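**Student:** Following the hints, put chain B in place on chain A, whose structure we already have.
Protein chains: 2
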Amino acid sequence: MPVNYATPTPDRIHAVAGVRLGVAEAGIRKANRRDLTLIELAAGSTVAGVFTQNRFCAAPVQVCRAHLATGDIRALVINTGIANAGTGEPGLAAANATCAAAARLMDLRAEQVLPFSTGVIMEPLPVDAIRAGLPIAQKALHADGWYDAAHAIMTTDTVAKVASRRIVIGGKSVTVTGISKGAGMIKPNMATMLGFVATDAAVSQPMLERLVKEAADASFNCVTVDGDTSTNDSFILIASGRGEARFDAVTAPGWNEFKAAVIEVARELAQAIVRDGEGATKFIEIAVAGSRTLEEAKAVGYAIAHSPLVKTAFFASDPNLGRILGAIGNAAQLHPALADLDVAKLRLWLGDVLVAENGGRAASYREEDGARVMKPAEIVVRIDLGRGSHAAKVWTCDFSYDYVKINADYRS
Amino acid sequence: MPVNYATPTPDRIHAVAGVRLGVAEAGIRKANRRDLTLIELAAGSTVAGVFTQNRFCAAPVQVCRAHLATGDIRALVINTGIANAGTGEPGLAAANATCAAAARLMDLRAEQVLPFSTGVIMEPLPVDAIRAGLPIAQKALHADGWYDAAHAIMTTDTVAKVASRRIVIGGKSVTVTGISKGAGMIKPNMATMLGFVATDAAVSQPMLERLVKEAADASFNCVTVDGDTSTNDSFILIASGRGEARFDAVTAPGWNEFKAAVIEVARELAQAIVRDGEGATKFIEIAVAGSRTLEEAKAVGYAIAHSPLVKTAFFASDPNLGRILGAIGNAAQLHPALADLDVAKLRLWLGDVLVAENGGRAASYREEDGARVMKPAEIVVRIDLGRGSHAAKVWTCDFSYDYVKINADYRS
Numbered sequence: 002m003p004v005n006y007a008t009p010t011p012d013r014i015h016a017v018a019g020v021r022l023g024v025a026e027a028g029i030r031k032a033n034r035r036d037l038t039l040i041e042l043a044a045g046s047t048v049a050g051v052f053t054q055n056r057f058c059a060a061p062v063q064v065c066r067a068h069l070a071t072g073d074i075r076a077l078v079i080n081t082g083i084a085n086a087g088t089g090e091p092g093l094a095a096a097n098a099t100c101a102a103a104a105r106l107m108d109l110r111a112e113q114v115l116p117f118s119t120g121v122i123m124e125p126l127p128v129d130a131i132r133a134g135l136p137i138a139q140k141a142l143h144a145d146g147w148y149d150a151a152h153a154i155m156t157t158d159t160v161a162k163v164a165s166r167r168i169v170i171g172g173k174s175v176t177v178t179g180i181s182k183g184a185g186m187i188k189p190n191m192a193t194m195l196g197f198v199a200t201d202a203a204v205s206q207p208m209l210e211r212l213v214k215e216a217a218d219a220s221f222n223c224v225t226v227d228g229d230t231s232t233n234d235s236f237i238l239i240a241s242g243r244g245e246a247r248f249d250a251v252t253a254p255g256w257n258e259f260k261a262a263v264i265e266v267a268r269e270l271a272q273a274i275v276r277d278g279e280g281a282t283k284f285i286e287i288a289v290a291g292s293r294t295l296e297e298a299k300a301v302g303y304a305i306a307h308s309p310l311v312k313t314a315f316f317a318s319d320p321n322l323g324r325i326l327g328a329i330g331n332a333a334q335l336h337p338a339l340a341d342l343d344v345a346k347l348r349l350w351l352g353d354v355l356v357a358e359n360g361g362r363a364a365s366y367r368e369e370d371g372a373r374v375m376k377p378a379e380i381v382v383r384i385d386l387g388r389g390s391h392a393a394k395v396w397t398c399d400f401s402y403d404y405v406k407i408n409a410d411y412r413s
Numbered sequence: 002m003p004v005n006y007a008t009p010t011p012d013r014i015h016a017v018a019g020v021r022l023g024v025a026e027a028g029i030r031k032a033n034r035r036d037l038t039l040i041e042l043a044a045g046s047t048v049a050g051v052f053t054q055n056r057f058c059a060a061p062v063q064v065c066r067a068h069l070a071t072g073d074i075r076a077l078v079i080n081t082g083i084a085n086a087g088t089g090e091p092g093l094a095a096a097n098a099t100c101a102a103a104a105r106l107m108d109l110r111a112e113q114v115l116p117f118s119t120g121v122i123m124e125p126l127p128v129d130a131i132r133a134g135l136p137i138a139q140k141a142l143h144a145d146g147w148y149d150a151a152h153a154i155m156t157t158d159t160v161a162k163v164a165s166r167r168i169v170i171g172g173k174s175v176t177v178t179g180i181s182k183g184a185g186m187i188k189p190n191m192a193t194m195l196g197f198v199a200t201d202a203a204v205s206q207p208m209l210e211r212l213v214k215e216a217a218d219a220s221f222n223c224v225t226v227d228g229d230t231s232t233n234d235s236f237i238l239i240a241s242g243r244g245e246a247r248f249d250a251v252t253a254p255g256w257n258e259f260k261a262a263v264i265e266v267a268r269e270l271a272q273a274i275v276r277d278g279e280g281a282t283k284f285i286e287i288a289v290a291g292s293r294t295l296e297e298a299k300a301v302g303y304a305i306a307h308s309p310l311v312k313t314a315f316f317a318s319d320p321n322l323g324r325i326l327g328a329i330g331n332a333a334q335l336h337p338a339l340a341d342l343d344v345a346k347l348r349l350w351l352g353d354v355l356v357a358e359n360g361g362r363a364a365s366y367r368e369e370d371g372a373r374v375m376k377p378a379e380i381v382v383r384i385d386l387g388r389g390s391h392a393a394k395v396w397t398c399d400f401s402y403d404y405v406k407i408n409a410d411y412r413s
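Protein chains in written order, with the working numbering: chain A, 2 to 413; chain B, 2 to 413.
Source of the hints: derived by calculation from the structure; they are not laboratory data. Hints are supplied without guarantee of correctness; some may be wrong.
Claimed, not checked - So the derived label-pair ranges between C-beta atoms look like this: (1) ASP341/B to ASP12/A: 47 to 55 angstroms; (2) ALA364/B to ASP145/A: 41 to 49 angstroms; (3) ALA94/A to ALA378/B: 48 to 56 angstroms; (4) ARG13/B to ALA94/A: 58 to 66 angstroms; (5) LYS346/A to ARG293/B: 36 to 44 angstroms; (6) GLN63/A to LEU295/B: 52 to 60 angstroms.
As the list claims (entries may be wrong) - Pairs of lysine-lysine residues, derived as DSS-like cross-links and limited to a Cα-Cα distance of at most 25 angstroms, are as follows: (7) LYS394/B to LYS214/B; (8) LYS406/B to LYS31/B; (9) LYS260/A to LYS214/A; (10) LYS406/B to LYS376/A; (11) LYS214/B to LYS406/A; (12) LYS406/A to LYS406/B; (13) LYS31/A to LYS140/A; (14) LYS173/A to LYS260/A; (15) LYS31/B to LYS140/B.
Bear in mind that the values here come from a model prediction, so they are computed numbers and not experimental data. Beta carbons: idealized from backbone N, C-alpha and C, even for Gly.
Okay, chain A solo, but in the shape it has when bound (with noise of 0.2 angstroms):
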């Protein structure tokens, strides 16, 4: 169960202009459930993606890189059950055959398809299951399709997860929706497992490319479920410029408010990875403050998400301060910056209760405030280093018996 998510109703999910989807049960890897997602988009669509850092980054991820390279992007093909990584060159050879059939069907170059794959790492791709299945997704193909694409994506997901807004920019109207899955391998270093969003804004490919990656760094890029950096992960910003809006330039009138509104839908989706975390309980929010760096303060936030022991405490809701200040302790193993961490001007708060400073235990600190604030499913901790202006809110959730049993189970 997510901890504080649920997919919103179809009658709230806003189509986007320009962009149709359709599901089908191909059989890639189980039967009867919807495991392949095509996604049409109109001629003259920008894209621009950002993908995994991950060395093993899988067959689909290189030709995305190579496909999106040559422009005129006008279709994505996503298939669950099998990840297509750690395949060699026969995953290659897989995923340029699912962008040739598809392109065939759809009287495209292959280069105009991009493939998506996730599910199990080194088991080869079914490409003939995925052959058959197209001409079904085709069919299906709706302006509609959101809600079931973003069921069709899920793999270890309990939730399907869609995030959607229309707003109005200089009197234009703009839609902006998105689909996300994921739920364990989860630490995006550029993007997570799998993430679409699409806007009826026309937005230029320069302007686009920049959006994509900021809406990652604030989204994505600061969600972990357990640190494990998938080698599938892809985030997907669409621009169908089939509404009202155009972005041209930074100077563009409602650029800002705009980016506002992408950022807000990726930031939603990549929450609702981390709610939907694997076995997770809790949602606990990461903010760090007073550093010389972004990057000091987000090494701190992912030094305490990483923590099995301060996850397992959350697990128990037990406000166990000592594992967390030995976290921070041991960030500069991250970020070698971090080595002159001064622990005694350092301020911990756990929701609004002070309960470090002068390096140890606040005075005016009482265990049932502690006990307190880490009981509701949701908890904010927050950091002062006291050396610095900068700051960053890194997003997770606990370590759970669940997350064994799901990961031990996992592939059985």
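**Tutor:** Only chain B this time, still in chain A's reference frame:
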């Protein structure tokens, strides 16, 4: 239950001339358990230590560093129950008061006493209980006290950890005996959560300082349970000089043999901590070769050893190659020099089975072979990065339900 480790029986533990140990039930956090250990060193002993790199290093670690700098150490006081970490100035005063109490009792200066604490973080150290317990521990001082001391320094450990060797070097008898403790918050950066090794050989101070670093790097600094470097890690090497052998320079006859014996004892103690890792059901050696530097090999080893996904797969005896390759692909996040790692050149073995090469699954690999080598309680993972001639080993354990149980329940 530890993985293939049992405490040696007292008859297999060699006393070290010049070193006596005594324990007491001081009621530091709980009643009726041995929680205070006193170690007395003969005049003329040399002592060297390495300590945690955690910025929140405990008060006793700070006092140890200061006292070691003055030389002429004659006693060690070790308490469990309370770690005296994250305790600010009052914590430092408590550690100094402990030294003063032991010094008064033993007719020493406070600077001749090293304090060590392990247990709950951020709670005040009850110095009165220690003061009351010290005379009892002093009365119990005995050359054969190693077995009892190994028990008295335990916290979440399920077995006491002792290693002992008596060898003859150049016709002279040399004894090396040590104890350690630790099961969680284990990823020593300089040394582990309390390891003490003593020899009766005479070793000059510069040689001992060199040796303690080498021994830590070859033992405690190669193990990890959960990736959380403790606030209290301390590894102490004592040379009483009351035996037959004497080492004043690396050119001293038998130095290499002696060094090997010390490393062997330290490694046995370090591996015992992993075998007794919280919730551990498997002991895993990760041997990385073919790296450009030692640091590259260690980064790959730790990337695997810290991945919750890999550790839960080990718990399930699941030959989940994808998770291991995924973890290797992420090692550049720990060590940026690995950003140009060519995964096509990498080879991976589980036990004696080649499982991955050419960027994918090895052609010869059969799932039943993988399942076979994952079944035993001890598993060797071998990686050849194919880019250099350096190598390193990391020892770790799996991640089980009991890890969550132990850490969600601890403190409660």
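**Student:** Hints first: check each against the structure and report whether it holds.
**Tutor:** Evaluated hints:
no., hint, verdict
1, ASP341/B to ASP12/A: 47 to 55 angstroms, "holds (50 angstroms)"
2, ALA364/B to ASP145/A: 41 to 49 angstroms, "holds (46 angstroms)"
3, ALA94/A to ALA378/B: 48 to 56 angstroms, "violated (40 angstroms)"
4, ARG13/B to ALA94/A: 58 to 66 angstroms, "holds (60 angstroms)"
5, LYS346/A to ARG293/B: 36 to 44 angstroms, "holds (38 angstroms)"
6, GLN63/A to LEU295/B: 52 to 60 angstroms, "violated (31 angstroms)"
7, LYS394/B to LYS214/B, "holds (17 angstroms)"
8, LYS406/B to LYS31/B, "holds (21 angstroms)"
9, LYS260/A to LYS214/A, "holds (11 angstroms)"
10, LYS406/B to LYS376/A, "holds (18 angstroms)"
11, LYS214/B to LYS406/A, "violated (40 angstroms)"
12, LYS406/A to LYS406/B, "holds (13 angstroms)"
13, LYS31/A to LYS140/A, "holds (22 angstroms)"
14, LYS173/A to LYS260/A, "holds (15 angstroms)"
15, LYS31/B to LYS140/B, "holds (22 angstroms)"
This entry does not satisfy hints 3, 6, 11, going by the numbered hints stated previously.
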